[in-house]
Amino acid sequence: MPVVDVMNLAGKKVGTIELADDVFGAPVNPHLLHESVRHYLAGKRAGTHKTKDKSEVSGSGKKLWRQKGTGRARIGSVRSPLWRHGGTVHGPTPRSYAYDLPKKMIVRALRSALSAKLADEKITIVEEWKLDSHKTKPFRATLSKLDGETRTMLLVENGANLNLERASRNIAGITLVPSTALETYDLMRHDRLVLSRESAMKISRALSAKKSEAPAEAGEAQAAPKAKAAPKAKAAKPAKPAAAKKPAKAKSAAKPKAKKD
11 MPVVDVMNLA GKKVGTIELA DDVFGAPVNP HLLHESVRHY LAGKRAGTHK TKDKSEVSGS
71 GKKLWRQKGT GRARIGSVRS PLWRHGGTVH GPTPRSYAYD LPKKMIVRAL RSALSAKLAD
131 EKITIVEEWK LDSHKTKPFR ATLSKLDGET RTMLLVENGA NLNLERASRN IAGITLVPST
191 ALETYDLMRH DRLVLSRESA MKISRALSAK KSEAPAEAGE AQAAPKAKAA PKAKAAKPAK
251 PAAAKKPAKA KSAAKPKAKK D
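Counting from 1 along the sequence shown, just add 10 to a position and that's the residue number in our numbering.
Heads up, a few of these hints could be off.
Here are the simulated distance ranges between beta carbons [said to hold, decoys possible]:
#1 Ser90 - Asp130: 17 to 23 Å
#2 Lys73 - Arg48: 22 to 28 Å
#3 Thr162 - Gly53: 30 to 36 Å
#4 Asn18 - His144: 16 to 22 Å
#5 His41 - Pro148: 41 to 47 Å
#6 Pro188 - Ala56: 36 to 42 Å
#7 Pro188 - Arg48: 42 to 48 Å
#8 Gly35 - Lys60: 47 to 53 Å
#9 Asp130 - Gly21: 36 to 42 Å
Think of the hints as simulated: they come from the structure by calculation, not from any bench.
Quick reminder that beta carbons are idealized off the backbone N, C-alpha and C, glycines included.
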């Protein structure tokens, strides 16, 4: 894992920090950097361009002269695109230039940009952005102690910091962004990246592909897998009582047939 020194606001080393190897030590992919910057800039385009077509320009719709017999070309309206002050054919209309880019490409582009900054030794990590004042002049002196030669800096803070926001907004070339809104375009546009310790840890956890699993406690016994219960035998349905047979009717005695005389 890459190890980076942690500085205080006075420019003195106060410790070190280990960063994720697959985030700050990944191979740099120029193609992904180009696609990520192009995707970001396309989403920032206003897309408000507009021209008037034939139905929107001013002018009467009356036919100027009759169709035949004048020797001139036939014409229907002064708003025709062939005429001066006429409408524009196939002109631009308001639209959005934004398009979707796979999230995996965006994450890999961020890793490439962060790795390139670390390889060029253009990353500074401070203990915390704890400013006593919101004034610009003392904050400019603080940045000079961290790196006085860099003209453009990208400052990253984890949470809301009112003094840092007010002190940095009037300095040209200084941009403050939260750790959740870090973009490849901002990393490429600024010379130096200045992170707080907390934001560096958060970025390492968020962009790392290796998610560590929490180990089980030593005194906690793992529960044995439950054995599948044997299927219950279906209870036999009680036999219905046999219906009592009705006593057979006694056959009536046959009547003797009368003899004919």
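Taking the hints in turn, this is what the structure says about them:
For the pair Ser90 and Asp130, the beta carbons lie near 60 Å from each other, so the given range of 17 to 23 Å is not met. Separation of Lys73 from Arg48 is about 50 Å and departs from the stated range, judged on CB atoms against 22 to 28 Å. In this structure, Thr162 and Gly53 break the distance hint of 30 to 36 Å, their C-beta atoms being roughly 22 Å apart. For Asn18 paired with His144, a C-beta distance near 19 Å keeps the hint of 16 to 22 Å intact.
Taking the beta carbon of each, His41 and Pro148 are about 43 Å apart, inside 41 to 47 Å as hinted. With their beta carbons about 24 Å apart, Pro188 and Ala56 fall outside the hinted range of 36 to 42 Å. At about 23 Å, the CB distance of Pro188 to Arg48 disagrees with the hint of 42 to 48 Å. Between Gly35 and Lys60 the CB atoms are about 48 Å apart, so this pair conforms to the stated range of 47 to 53 Å.
Against the hinted window of 36 to 42 Å, the Cβ-Cβ separation of Asp130 and Gly21 comes to about 20 Å, which falls outside the hint.
Of the hints listed earlier, those the structure fails to meet are numbers 1, 2, 3, 6, 7 and 9, in rising order.
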